[in-house]
Structures are given as structure tokens and as C-alpha cells.
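2 protein chains.
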Amino acid sequence: MIDFEGWSCPAPLRDTPHVVAGHGGGGAMSAELVRHLIVPGYGDAGGTADRDCAVVEAGGARLAFTTDAYVVQPMFFPGGSIGDLAVNGTVNDLAMAGATPLYLSAAFILEEGTPLADLGRITAAMGAAATAAGVRLVTGDTKVVGHGNGDGVYLTTSGVGVVADGVEIEPRRATVGDAVLVSGDLGRHGVAVLSCREGLEFGTTVASDTAPLHGLVAAMLATGADLHVLRDPTRGGLAAALNEIAATARVGVELTERDLPVPDGVADACHLLGLDPLQVANEGRLVAFVDADQADDVLAAMRAHPYGTGARRIGTCVADHPGMVVARTALGGTRVISMPIGEQLPRIC
Amino acid sequence: MIDFEGWSCPAPLRDTPHVVAGHGGGGAMSAELVRHLIVPGYGDAGGTADRDCAVVEAGGARLAFTTDAYVVQPMFFPGGSIGDLAVNGTVNDLAMAGATPLYLSAAFILEEGTPLADLGRITAAMGAAATAAGVRLVTGDTKVVGHGNGDGVYLTTSGVGVVADGVEIEPRRATVGDAVLVSGDLGRHGVAVLSCREGLEFGTTVASDTAPLHGLVAAMLATGADLHVLRDPTRGGLAAALNEIAATARVGVELTERDLPVPDGVADACHLLGLDPLQVANEGRLVAFVDADQADDVLAAMRAHPYGTGARRIGTCVADHPGMVVARTALGGTRVISMPIGEQLPRIC
Numbered sequence: 001m002i003d004f005e006g007w008s009c010p011a012p013l014r015d016t017p018h019v020v021a022g023h024g025g026g027g028a029m030s031a032e033l034v035r036h037l038i039v040p041g042y043g044d045a046g047g048t049a050d051r052d053c054a055v056v057e058a059g060g061a062r063l064a065f066t067t068d069a070y071v072v073q074p075m076f077f078p079g080g081s082i083g084d085l086a087v088n089g090t091v092n093d094l095a096m097a098g099a100t101p102l103y104l105s106a107a108f109i110l111e112e113g114t115p116l117a118d119l120g121r122i123t124a125a126m127g128a129a130a131t132a133a134g135v136r137l138v139t140g141d142t143k144v145v146g147h148g149n150g151d152g153v154y155l156t157t158s159g160v161g162v163v164a165d166g167v168e169i170e171p172r173r174a175t176v177g178d179a180v181l182v183s184g185d186l187g188r189h190g191v192a193v194l195s196c197r198e199g200l201e202f203g204t205t206v207a208s209d210t211a212p213l214h215g216l217v218a219a220m221l222a223t224g225a226d227l228h229v230l231r232d233p234t235r236g237g238l239a240a241a242l243n244e245i246a247a248t249a250r251v252g253v254e255l256t257e258r259d260l261p262v263p264d265g266v267a268d269a270c271h272l273l274g275l276d277p278l279q280v281a282n283e284g285r286l287v288a289f290v291d292a293d294q295a296d297d298v299l300a301a302m303r304a305h306p307y308g309t310g311a312r313r314i315g316t317c318v319a320d321h322p323g324m325v326v327a328r329t330a331l332g333g334t335r336v337i338s339m340p341i342g343e344q345l346p347r348i349c
Numbered sequence: 001m002i003d004f005e006g007w008s009c010p011a012p013l014r015d016t017p018h019v020v021a022g023h024g025g026g027g028a029m030s031a032e033l034v035r036h037l038i039v040p041g042y043g044d045a046g047g048t049a050d051r052d053c054a055v056v057e058a059g060g061a062r063l064a065f066t067t068d069a070y071v072v073q074p075m076f077f078p079g080g081s082i083g084d085l086a087v088n089g090t091v092n093d094l095a096m097a098g099a100t101p102l103y104l105s106a107a108f109i110l111e112e113g114t115p116l117a118d119l120g121r122i123t124a125a126m127g128a129a130a131t132a133a134g135v136r137l138v139t140g141d142t143k144v145v146g147h148g149n150g151d152g153v154y155l156t157t158s159g160v161g162v163v164a165d166g167v168e169i170e171p172r173r174a175t176v177g178d179a180v181l182v183s184g185d186l187g188r189h190g191v192a193v194l195s196c197r198e199g200l201e202f203g204t205t206v207a208s209d210t211a212p213l214h215g216l217v218a219a220m221l222a223t224g225a226d227l228h229v230l231r232d233p234t235r236g237g238l239a240a241a242l243n244e245i246a247a248t249a250r251v252g253v254e255l256t257e258r259d260l261p262v263p264d265g266v267a268d269a270c271h272l273l274g275l276d277p278l279q280v281a282n283e284g285r286l287v288a289f290v291d292a293d294q295a296d297d298v299l300a301a302m303r304a305h306p307y308g309t310g311a312r313r314i315g316t317c318v319a320d321h322p323g324m325v326v327a328r329t330a331l332g333g334t335r336v337i338s339m340p341i342g343e344q345l346p347r348i349c
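Chains as they are written, first to last, in full-length UniProt numbering: chain A, 1 to 349; chain B, 1 to 349.
Simulated from the structure, these hints should not be mistaken for lab results. Incorrect hints may have been included.
Unchecked claim - Covered by chain A, according to a simulated footprint, are these stretches of chain B (three or more residues, beta-carbon under 8 Å):
id	stretch
1	56-66
2	100-111
3	257-263
What the hints assert, rightly or not - Computed Cβ-Cβ distance ranges for the label pairs, DEER-style:
id	chain 1	residue 1	chain 2	residue 2	range
4	B	Gly134	A	Leu331	47 to 53 Å
5	A	Asp276	B	Pro17	39 to 45 Å
6	B	Arg35	A	Ala164	47 to 53 Å
7	B	Gly224	A	Thr48	17 to 23 Å
Quick reminder that beta carbons are idealized off the backbone N, C-alpha and C, glycines included.
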């Protein structure tokens, strides 16, 4: 228990009275900060503030509402930029609730001295991504901070979409027996960003997988299957996404290690840097939990969609070890896929 | 015309190829950046992206949707903090469209090393402000940047509300003959923030006016009056708000200088620092344009509300000098109240 002046934190935060990089990593430390400091601070006003995407009622409509801040560094990387990332990421948070994305807002925090040409490239990328995703950028804000109080452009997008009646896609609905599907290979975004940071150049170029996934979700829903859970494995990668679902639904997840699709370029970079590819961020992939007997139909629909050609089944939702994710290795043993604690790759999105 | 590599700006931005403080001031340079760089970058996806608050249709509901980034420095100041400012400011953007605010999101960009106790004080202030305003914090995000790439806490809030049928409150509706009303005295927020910056201490303490204004707007609407325009005069103050309305509606605005309510503490601080109180930010005030024959009813309703006790009429919407704001002085002459160009007080909100 950290003793704050005038503010007491109801549960222990790890060993630090200050913000550290790990609080932004999307793993256990991020979750602790949100659950034990931010949401309690909100009090009665923040009952659902720990959700990536809220589904709420307004004026008789069933809305999805989400927000994400983007601080990726560098702002331009193989396969994308902070601009398309900020549009696609918010579109995807809406899509993971089964929503049709409609409107986006964009708030810029600009560092003094940032080239306006960079800002122009970013807004052009945002416009192209929004047009491709069929969403409209309808409102925004621009603030400027002094040189040395920012780092180029920070960009927060929020999104609003509509959720059809009957669609209930939530982590708590993961059910023993569900097939666990993934829409494509893993780790491209994180390695793409890392590959162009100063002093870290690999032989192969891995491009970010950034993409809008609501069309893929619509194709999956069109099969008539009851999708229980959808999640885009961004910060913290597949490991964080599956651990969060397992913990929320109190189920176990069992993966088959040889079915986990890690491309060679990602595997090589991770090997070199000592990273776990299952903890590396993706920005154009989704994980789905679906009734096992509907899994083949859903997989076929995914593979027929441009953003799901690499879809495959990677595991099963099990009654054993609730809250835990394990992988069966090629040798017949199992290893635990643990929740990342802190920050493996800072400022990846 | 600035020649960007790979990106050409369709209209001149003032003399700089880089972001400068003035781009964040809420005056002419901010407007140029949005109109000539950001919105054109968006292309077809950004038709209304220059609006503070968009009114859109979703699932049969008429929604207001807005976003604002907050970078105020220092984060705690007399009368408030970045936390209540971020809640009230977004509530007010919704209210200025005549919306009932319902849901807020909050995205944090935290600098490494920021005391968690500060974050706790901020989230507690957000929760208290949200509860007071009757809105719910339903979703959020948290990112961390390195020490020296931020400045404590940057906070972006977005908001969703519903707009009743028949309510059409927009700058373009300002009409010749309208009475121009203000809900209270001017300049408190800007002076409050400035007063506690290092090395700038005044004899008197002026507290920020930060407050949620949707209840006041509801009271004004309840009179049955046709409110044409509402605006909260934040960055750039009353001068920026009125100039923007005058330019949008192609009308003139004539103020009576002696009716402009500037409290002594604000006047003293502005005199000392060479600031124009009409350009200083407010965070709990609104300006209204309303039919002159309904103005007395609206003023009475405003004065009966806790956030409108200081309401008064300050001027008239005129056919002369369209796009321009002038004030009649005590000596019988007139002076032009011009649009602020750049940044008088950086990081005021």
C-alpha cells in the first residue's frame, strides 16, 4: 500500500510511488493502475471506466464508445504511421464490441518545433484510413506544448459506433469448449516499429499489420455464429489478450504451440532481442472465442476476407486452470503463457 | 504557401514550417492550422472536423460528440485542476450544442516519474466533477512516455450526449438584432492558472470559474426561447468566441464596453502583465445569441441558476461591419475587438 498525501490507494501498486514505463505496457502493471488508482478515483461516476470499449444506451440507440491515445515512436514506420494507427486502432476497439464504426474524433498534442509537413503527412494518413474504413472524422482539438514537453505528435482518437440488437461480445462470455481463433500471423506491428528505432536495424523488413477489422467482424457475424469474445491483441500481444479474457471469464485457455503463427522475420527479431513474440503488439489481428461447432464456418468466412486470409484455430477454452493460459509444446509438455508484467517495448502504439 | 515534402498546404500558414505556440492558442493561427492543414489532410473523411462539437445521427439517435485535449500547466491551480477542467470542458462543449451530456471517455498520457499521488488527485477530481455533472466515465486509455517527453499528465476527454429534436444551436444562426448575453464575469480561469506559475504571484487570489454549464443551458431552453448560438469562451477568451461567430454568420457584433464584466482581480493582473482580459480564457462561462424580445426571459432564467447569477446583456448583433466585433467605449467612440492571432497565455487548458 502506497501512502499518498491526501489519496490512499486501496491496493498495492508495485514498489513505486511514481509512474514508470510498465504502467503503459498493457500488462499487469497497466491493469493495476487502472483498477486500483484510476477507476477508484472516479468513484460512482466510473463503474465501467476500465473497459476498452463501452456499450451504452443513448437516445434509444445502442452505442459503442471508445478512446485511445497514440504515442508511437517513431511516428512513421514500415507499413504505417501514427495517423493510420490511430484511426484503425479506434475502429478496431469498436469492432471488437461487434459495433459498426461511424464517427471518430481526433485530439492532437503537438510539440513546438514539429515540422508542419509531418503533421500534414499524419492527417493525410488519417483521412485515407478513415475513408478506407468508412468512418468520418467529425470533431477534434489541437493543443501545443513547449519543445521538450512532448515528442512530435501525440494523437488521441475516440470513436462512436452502433451495436445491433442481440450482439453481445464480451470477455466474460468465454465458455469452456470454445474454439480460440486468430485472424492471421503475430507480432508484425511491434517488430516493424522496433526495426526503425535508432540503432536497431534488422536484415529483413517486417511491415506493420495495421488494418481496420470491422469488415472482417461483419463477415464473421454474417455466418450466424454466436461470437462470444473478440479482442485485438495490441499492447502486450496475444499473451495479454488471452490472459485478460481467461481472468475475466474464469476459464482456462490451452493453446497448441505449433499452431501459433509467428512469421520468420518476427521470430528472428524476437530471438535477437530476447523478446517473446506472443507479447509483441499486433494492430490488424483479432482473437475470437466461438462455439467449437461453429468454428469451421467462422474460419471459412475469415479466410475469405482480405484481413483474415491467415486465420486459424490456435486453441481451446478449458475448465482446467481457470484464469491461466498454457501452451502444449511440440515435445508434449505444457508451458504457461503468462501475463506480461510491465513494458517490453515502450511506445509501440 | 509552405512547400512541404510530399504534402502541399493549400493556403498560407504564417511564416513558419514548424509548429509554434500560437497554433495552440485558439485564435487565428489555430484556425488556420485546422482549416488549411488538418481538415484538408482528412480529405473526404473530414467534412466537419473543424467543429468543437459535432451533431450526428447514430442508430436513430441525434448525438453530440466532442473531444478536447488538456495540457494545462500547472496541473493544480486555484479553483480546480486538470481533472475537473477536462470533465467540465467536455461537458460544456456538449452543452453548447444544446445536448444533454451522458458519457465521457478519458485518455491519459503520463510522463515517467509523475507522482502516482498526483494522478490519484486528478482522477478523484474527475470523478467528483463527473458526479456533479451527472455524466459517467465509461471508457479510457493510459499511455506512458519517457521523462522529458511529457509534462506530468496530459488528459484527453471525449463526450457523447443527446440533442433533442428541434434544438439547432449553431454559430451560423447568429442573426441581426439578436441580443448578446454572457453568463458571468470574464477572465477568471486564465488569471487563476497564470497566478500560480513560477514567479508570477499577484496580491489577490482569483479562482478558476471551471463549472459544468449544461444545467444552465437546460434552464435557458426551458424558457421556450429560440437560442441561436451558444459558445463557451475558453482559449482566446470572449474576443475569439465572438469573432468566430461573427465570421461564421457574416454578421457584426457591437458590444458596450462598460457592460463587459471584468472583476477587479482580473483587471489588475491583466494590467500588470499587458494582457487583454477579453482574450483571457474562461471555463465556466457562456455567450448566448438570442432574439432580442426573448432576452429578458432568458436572462431571468440564467440569473436564477447558480452558474448564471452574473448574467447580463453585453451587446447586439448588427448588420454593419459583418465578420467584425466592435465595442462602444465610454467616450462614445468604438474600438475593434480583434481575433487573437497566436498565444497570449500558453497551456491555459
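Here is how each hint holds up against the structure:
1. For the stretch 56-66 of chain B, the stated coverage by chain A holds: 9 residues have a C-beta nearer than 8 Å to a C-beta of that chain, and at least 3 were required.
2. Counting residues of the stretch 100-111 of chain B whose C-beta sits closer than 8 Å to any C-beta of chain A gives 9, which meets the bar of three, so the coverage hint holds.
3. Given a C-beta distance limit of less than 8 Å, the hint that chain A covers the stretch 257-263 of chain B is violated, as 0 residues qualify and 3 are needed.
4. Hint check: B:Gly134 to A:Leu331, Cβ distance near 59 Å, so the stated range 47 to 53 Å is violated.
5. Look at A:Asp276 against B:Pro17: about 42 Å separates their beta carbons, and that is inside 39 to 45 Å.
6. In this structure the supplied range 47 to 53 Å is violated for B:Arg35 paired with A:Ala164, their Cβ-Cβ distance being about 37 Å.
7. Remark: the range hint 17 to 23 Å for B:Gly224 to A:Thr48 is contradicted by a beta-carbon distance near 36 Å.
Checked against the numbered hints above, the structure breaks hints 3, 4, 6, 7 and satisfies the rest.
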